[in-house]
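A.B. asks: Residue-level listing of the chains:
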Amino acid sequence: MNILTKIESQISLILLFYSLSTMVTAQNNNSVQTSLSLKISAIALIDFSTDGNQMITYSYSTIKPNNVEQIITPAIGDKTWLNYSSIVANGLTNYITVYISSGSLPADVSLNLLIGADVGAGAGKKGITKGQITLSAFPQVIITNIGSCYTGRGIHKGHKLYYKWTNTESYDYSLNYDNGKAIAVTYTISSTE
Amino acid sequence: MKKSVKLFIALVLSLLLTTNAWSQTSTAGDNVSLEVMNICLMETNSATVSLTLSCITPGEALTPATNSDLFVRISSIVPANTSRDLTARISTGAVPYGTILKLVSASCTTTNSGGNLGTALSTPITLSAIDQNLITGIGTCYTGTGNNDGYQMTYTWEPDYNSTNYGLIESLSTTNILVVFTISNIY
Chain A
191 MNILTKIESQ
201 ISLILLFYSL
211 STMVTAQNNN
221 SVQTSLSLKI
231 SAIALIDFST
241 DGNQMITYSY
251 STIKPNNVEQ
261 IITPAIGDKT
271 WLNYSSIVAN
281 GLTNYITVYI
291 SSGSLPADVS
301 LNLLIGADVG
311 AGAGKKGITK
321 GQITLSAFPQ
331 VIITNIGSCY
341 TGRGIHKGHK
351 LYYKWTNTES
361 YDYSLNYDNG
371 KAIAVTYTIS
381 STE
Chain B
-7 MKKSVKLFIA
3 LVLSLLLTTN
13 AWSQTSTAGD
23 NVSLEVMNIC
33 LMETNSATVS
43 LTLSCITPGE
53 ALTPATNSDL
63 FVRISSIVPA
73 NTSRDLTARI
83 STGAVPYGTI
93 LKLVSASCTT
103 TNSGGNLGTA
113 LSTPITLSAI
123 DQNLITGIGT
133 CYTGTGNNDG
143 YQMTYTWEPD
153 YNSTNYGLIE
163 SLSTTNILVV
173 FTISNIY
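Residue numbers (the working numbering), protein chains in the order written: chain A, 191 to 383; chain B, -7 to 179.
Mixed in with the good hints, there may be bad ones.
Said to hold, decoys possible - Here are some of the chain A residues that sit facing chain B, going by a computed Cβ distance under 7 Å: (1) ASN220; (2) SER221; (3) GLN223; (4) LEU226; (5) ILE233; (6) ASP237; (7) ALA279; (8) THR283; (9) PHE328; (10) VAL331; (11) ASN335; (12) GLY337; (13) THR341; (14) ILE345; (15) LYS350.
Worth flagging that the hints you see were computed from the coordinates, not collected in a lab. Every residue gets a Cβ at the ideal spot worked out from N, C-alpha and C, and that includes glycine.
Whenever a hint applies, use it, and build me the whole structure from the sequences.
C.D. replies: So this is what it looks like as structure tokens:
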């Protein structure tokens, strides 16, 4: 029985060599398959671009790139453009909110914000604007339905922001600014996730 | 049991005899006949190719991603006046919507190679499920067997900047697709 098993295994070895040598003779290894791994990051980035040497200071941090803060004055007018980049997952969108994040306005001063439509630079599914809002300390949605897109970077790209003040004579901008009580607004881009 | 042992030995002998008979047919006579096989062998350095599309500047588009880690090595023997092409296609999976995957081959590395290594096409191909040429006119040659020998392949993955197509992009956790490299038959 043992001898038979031995011989059987020897035979199978020989058969294996035999078949292997036949394969080598064929030399038929003319294609090779490789694996490629692909990934697309979800993205929500926002920043300002300003026109000319305006009295505008703003913060942008790569640590919180979905969040920008801008100090505004009655002279600011419509010199600011909102730029953003967005990549969303299937079924989701991004949206942008704004609120007065620093300082407080005198009771008789109101601050309206007119948000222009995207001017058509960049590519993809840009957001839909709410038109006009009155700024407050509570976040309000100003642009919705942002899909995968980019507005382009710089002025005359993205959405134009137009600040409209009422009763500005009641608001001593320079005094407040010197006292560190300037009005600042923060824009945030978030996912509907 | 003894009978079966004999039977197995007979079987082995017959196999060996068949092999001998074959080699005899190709070398019969007084003349020694030499034959060079029509050979085509291929492998890669098994590099892991990973590409990620991302963006760090607000307002800007996704930044194209490139990877040049993959080398394809071949050995080729062709009959006179014939050549082969090296092609690539996607065999499994598809390039995500709103993005374009391109591939271009460099000329073969020179350190350990020899022979007619063909011409690498300078314009990248846009990968699809259909084979497209990367290198043409490969004759009798070898590329070398080192990790960085052979044809260096550069993948470039970028967004489609067409506005409608860009809007089709979706964020994606790591997904694998398979790319097949093929050396055509001689012609």
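A.B. asks: For every hint, state whether the structure bears it out.
C.D. replies: Here is what the structure says about each hint:
Contact between A:ASN220 and chain B, as hinted, is supported at the beta carbon level, the nearest pair being about 5 Å apart and thus within 7 Å. For A:SER221, the interface hint holds, the least distance from its beta-carbon to any beta-carbon of chain B being 4 Å, beneath 7 Å. Annotation: A:GLN223 was flagged as interfacial toward chain B, and the flag holds, the nearest CB pair being 5 Å apart, inside 7 Å. This hint holds: A:LEU226 has a C-beta 5 Å from the nearest C-beta of chain B, less than the 7 Å allowed.
The interface hint given for A:ILE233 is met, as the beta carbon of that residue sits about 5 Å from the closest beta carbon of chain B, less than 7 Å. At about 4 Å, the closest approach between the beta carbon of A:ASP237 and any beta carbon in chain B falls short of 7 Å, and the interface hint on this residue holds. Annotation: A:ALA279 was flagged as interfacial toward chain B, and the flag holds, the nearest CB pair being 5 Å apart, inside 7 Å. Nearest Cβ of chain B to the Cβ of A:THR283: about 11 Å, over the 7 Å cut. The hint is violated.
At about 24 Å, the closest approach between the beta carbon of A:PHE328 and any beta carbon in chain B exceeds 7 Å, and the interface hint on this residue is violated. Given hint, A:VAL331 at the interface with chain B, is violated; its Cβ is 19 Å from that chain's nearest Cβ, farther than 7 Å. Annotation: A:ASN335 was flagged as interfacial toward chain B, and the flag is violated, the nearest CB pair being 11 Å apart, outside 7 Å. The interface hint given for A:GLY337 is met, as the beta carbon of that residue sits about 5 Å from the closest beta carbon of chain B, less than 7 Å.
Interface restraint check for A:THR341: the shortest CB-CB distance to chain B comes to about 5 Å, inside 7 Å, so the restraint holds. With a cut of 7 Å, the hint placing A:ILE345 at the interface with chain B is violated, because the nearest CB-to-CB distance is about 11 Å. For A:LYS350, the interface hint is violated, since its Cβ never comes within 7 Å of a Cβ in chain B; the closest pair sits about 14 Å apart.
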